[in-house]
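Next come the chains, spelled out residue by residue.
4 protein chains.
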Amino acid sequence: MNKVKAGIIGATGYAGVELVRLLTSHPYAEIAAVSSVSYDGKKLSEVYPNLKKIADHELENADAVIEKCDVIFASLPHGLSEPLAEQCLAKGKLLIDLGADFRMYDEEAYSAWYKRPYSHPELHKYAKYCLPELYRDDVKKAKIIGNPGCYPTSVALACAPALKNGLVKTEGIIIDSKSGVTGAGRNPTQGTHYPDTNEAFSAYKAGEHRHTPEIEQTLSDIAGSEVKITFVPHLLPVNRGIESTVYLNLCDGVTKEQVVEAYEKAYADELFVRMEPLGSYANIKNVRMSNYCDISLHFDMRNNRLIVCSVIDNMVKGAAGQAIQNMNIYFGYDEGTGLMMAPQEF
Amino acid sequence: MNKVKAGIIGATGYAGVELVRLLTSHPYAEIAAVSSVSYDGKKLSEVYPNLKKIADHELENADAVIEKCDVIFASLPHGLSEPLAEQCLAKGKLLIDLGADFRMYDEEAYSAWYKRPYSHPELHKYAKYCLPELYRDDVKKAKIIGNPGCYPTSVALACAPALKNGLVKTEGIIIDSKSGVTGAGRNPTQGTHYPDTNEAFSAYKAGEHRHTPEIEQTLSDIAGSEVKITFVPHLLPVNRGIESTVYLNLCDGVTKEQVVEAYEKAYADELFVRMEPLGSYANIKNVRMSNYCDISLHFDMRNNRLIVCSVIDNMVKGAAGQAIQNMNIYFGYDEGTGLMMAPQEF
Amino acid sequence: MNKVKAGIIGATGYAGVELVRLLTSHPYAEIAAVSSVSYDGKKLSEVYPNLKKIADHELENADAVIEKCDVIFASLPHGLSEPLAEQCLAKGKLLIDLGADFRMYDEEAYSAWYKRPYSHPELHKYAKYCLPELYRDDVKKAKIIGNPGCYPTSVALACAPALKNGLVKTEGIIIDSKSGVTGAGRNPTQGTHYPDTNEAFSAYKAGEHRHTPEIEQTLSDIAGSEVKITFVPHLLPVNRGIESTVYLNLCDGVTKEQVVEAYEKAYADELFVRMEPLGSYANIKNVRMSNYCDISLHFDMRNNRLIVCSVIDNMVKGAAGQAIQNMNIYFGYDEGTGLMMAPQEF
Amino acid sequence: MNKVKAGIIGATGYAGVELVRLLTSHPYAEIAAVSSVSYDGKKLSEVYPNLKKIADHELENADAVIEKCDVIFASLPHGLSEPLAEQCLAKGKLLIDLGADFRMYDEEAYSAWYKRPYSHPELHKYAKYCLPELYRDDVKKAKIIGNPGCYPTSVALACAPALKNGLVKTEGIIIDSKSGVTGAGRNPTQGTHYPDTNEAFSAYKAGEHRHTPEIEQTLSDIAGSEVKITFVPHLLPVNRGIESTVYLNLCDGVTKEQVVEAYEKAYADELFVRMEPLGSYANIKNVRMSNYCDISLHFDMRNNRLIVCSVIDNMVKGAAGQAIQNMNIYFGYDEGTGLMMAPQEF
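Protein chains in written order, with our numbering: chain A, 1 to 346; chain B, 1 to 346; chain C, 1 to 346; chain D, 1 to 346.
One thing to keep in mind: the hints can contain errors.
Because identical chains share one entry, a pair is satisfied inside a single copy or across any pair of copies.
[What the hints assert, rightly or not] Derived pair list, reagent style DSSO-like, types lysine-lysine, alpha-carbon separation capped at 30 Å: (1) K42 to K256; (2) K256 to K115; (3) K43 to K256; (4) K53 to K140; (5) K265 to K43; (6) K53 to K3; (7) K53 to K256; (8) K53 to K164; (9) K265 to K228; (10) K164 to K228; (11) K205 to K228; (12) K205 to K164; (13) K256 to K228; (14) K205 to K169; (15) K228 to K169; (16) K205 to K265; (17) K125 to K115; (18) K68 to K42; (19) K5 to K42; (20) K256 to K169; (21) K141 to K228; (22) K141 to K68; (23) K205 to K42; (24) K42 to K265; (25) K43 to K205; (26) K256 to K205.
Rather than coming from a laboratory, the hints here were simulated on the basis of the structure.
So that you can see chain A by itself, here it is in the shape it has in the complex:
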């Protein structure tokens, strides 16, 4: 079997290099080209010495990547993927975009939060928002895959069964998320300088984070009516992982058993979603270096409230792993191909 030629644009960013790491173990894909604006001409393993003898590819430019590859993963700041998409479409190549440009179906919502209009509005009809567990069928229909954001992945999987089954109200949803520092990217800043981040903890962008409209798009779609959320992310002094604690108001008369059953049923056949036994808590340490999402359910019946804790590795299920999962589906491989490694236990 011929391997699919995979290329990564933005390969020295954190999501980019995670794609490299994961693809080096993929049996049906080979990394055919990688690019980086900042390190053009260098070897990838000079930037990431962990990849020495493993991914010594020379960093080229984006055009070369598109030329040489069948599937192009782009991991770029928002606004930069639309022109790439145009090139990929023209050459009949699949773009899996890990940025924000192709996640929203509503340009107005996109531009309200990202403060720019689409540069190529005509392309968006070819794009699908592909969170496989919720929109698996859309993957094969896409020419451009909008790969979900990290926080939205953890939140959508946490809420979907309850909303889809009408077990919780669409009002009053509160999401308190915490992300490891890799979520802030590779660029050194004062806020991610070790002595500033270590032994520190705070919220940021409370009620203002750009993942808000993406979360609302998905939850509204699942619920079948408009959902507005309050979303507050926090910076967690760990390298990897996102934990989202979601507060949902149970509909009148809904029992714990109904909720548990709905979640168990929704995820029974999902390769990458694991329900915690009641009384256990989803912990980021159990999903590190893997594509799993672990979910635990908790009840505050004094207030008729469901509390869902959901954890992912922000760099794997929240970015590169999910992108490869989408690639697998698109090309007809088993969904877990190259992604079944056991999570790091410590």
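Dock chains B, C and D against the given chain A, drawing on the hints supplied.
For chains B, C and D alone, coordinates are given in the frame of chain A:
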């Protein structure tokens, strides 16, 4: 001026040794005796080598501490402070209890959450719950001081101005708190074993934590009507610090300005509460090793919601520092005596 | 091809569970049985929730493991592997012992440091000390494989080319090593309690660590004359990784170039040893979750001294990964089978 | 009593802000002015929010600081302190320089390692290298105080009693040091970006660190003959603290008892040096946030070697605390004034 003789029962626990550390710098108090069930006969500095040449006191038993001291700090598991209180009262000595036994005014609420009745119900009329910023006048009236819990301190200070001024509704209050590992105490467990805790994060006791009724007692008292909360704590991989993110529903028509003004006014004269400028976030790193509580205000006006972030050092303002603050008030010293050290910046 | 049936005795210890994690990705081995004294009857994934849906094996006893498997990995405190070895030998099954019992060729050295004689001295003639890069040929000759200790692996690979080529003196070798906390095992202790370990650092067992004779055995063998070392380990506040900084006295007239050449040549064909370019430093972060050993060379020519820095993942190349590498060699698989995953970059 | 007016040039660097933090608790000094090139015009507490309500001083320029203050602390990159010294001398003000410019008595050694000649060679006769425990008498004689470097402080105190008493040889001294990340300063770099530093460890500048000649100057002076060392620093993933493990060759016939006695005697009256009991290890966690140096002695008698472990808080005893200790001596205050706080226990 004669120094007050201070004693610590449970001096080798984390709150106990923090009391020792802070009292060694107090100009008007001297540590006259310390006790520890586990290390009776040893020197304190053998258990805590950081205290070598500083607090080489021999660990005695509780009776000796009560005998020798004017003020007794007790830092013990719940249920053990009531008998001590009886002894202290009998000898006319002040007990500052860092445990849970004297925090609740309602025995029913206490026994519902702590699963035991009071052993000495008659003592509780001498006890006051002393969170100085909210109940300063009660401190001098107390013969037994119920020192607030760590989470409740961070939450009560976060909510008080909004509730007291009727700016937020009493329904739908959600509190998402995160605590450093010292909050779990000194006893080694699997859950606090370094490789299990490092690079890990999860909720625990969601909706079930024993600080819930203490928080509800205070918020109800401030609001003037019953308040029920959903409270979910999380274990944070840092040594010190609590961050509470509190979600409150604004009353109709309430503006940001009104909220900001209410908080600024409430805490203008408070030595240990600092309001962050708008746009900044309260961060545990700014209060470590100090008695400060930093508070920041955020608004999600799309959902008419106030988000308050509040941080303390769980071992200082959340335990030992606040206890000394209460001691200072009780004995008529300046409230900040021995507590004005600048927080650790890194 | 039939998969080899692998069993793990002591599967809930850190090295044991790491074997499980790695073997779940091995194409030619299957985990046929696992045992644990502490958790007999439980599922492995109840003890390690990261393994849910991946390794839900029930924990049995050691006899069952030996009965059902072709190769038995034992990860036990010293003194417990000799009786197991007897059983395995009797049944013609390969024992790969990750403990200390079969690492020494000299019983006297073993008993001097481990304070016990061999219980089964007659078994030791079937045992080989198998550090593949140095003793590859011995692996196939062994019936009992003594898998090297973590520190000795990092040190032997750091020193071998210099000693073998007579570039450094055998006197005055000083080894300053630092190990992540998983090296201390899974059992919670005061010294590995998160608040005691985090933001802490110290040496331990200076000049007294039991890996000393194992290191000396290998260095002496390589040098062809007795080598005595000073070895000081330190506890490093990270989960995984060992760094050894080794100080060696250059023989008169030896040049940098000779040293570099000797190392490059020694490891040119080694799958799992990577030489850093001159000027770079071996860093534990580049080998985490992998079987690599990275080595960097530094020179203090003012003192005619070679400084070698060597890093491994203590749980992989320092334990479970090397054990699988030995299994691969023994059974004639490619040496890197199941071990070629790229190291974690963050 | 009039307070001494203290000024800090470079107040927003890590050593600078640590001076601020410590001086706010000093009973006989007041911070009269602070400067920062990067933040001129801002408030110090805007840069360091932990100092809000505590040190809200406006950042001025260096001239203003010299003008307004009696003692000027400078914490600047090397090469910038000589012109300041000229100004201070001209105005009769004491300069305590935390940089490298006034630590070396030998210009040749300085320029060999710092790659620049002195710009003001004539000033150096007024300067003294002031490590109080070794050169207390020099403090009062200085007009310019060269405050010791962090690594040299930990190493000199570790070696002095052994060298001074002729118990160890001057050859073959090896120093393996590990420093917390604050040692790398406040400026964000790739190497100190949280995900690059966390769970990482490596050596750097092996045999090339600029603290080498400073260490050799002191050890040679103590030994009374030239001492050359091999010095290898490592970056430790903690905020604060330096641990130095020093390997020394015992002179023939020297006993453990002699060594222990020499250290006990040397430091018996020192306020800030604490000897660990035999069998205990100096740990950075026991000195954080304090001016203490803890020292432990270990023996490898198989190799006739003394191993000394020494720990300090790199920002306190290794920088700001020692500078204040020097100020106290110079002005005739008790040496520990403002520095007697107990170390952070967790």
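List of violated hint numbers, smallest to largest
none
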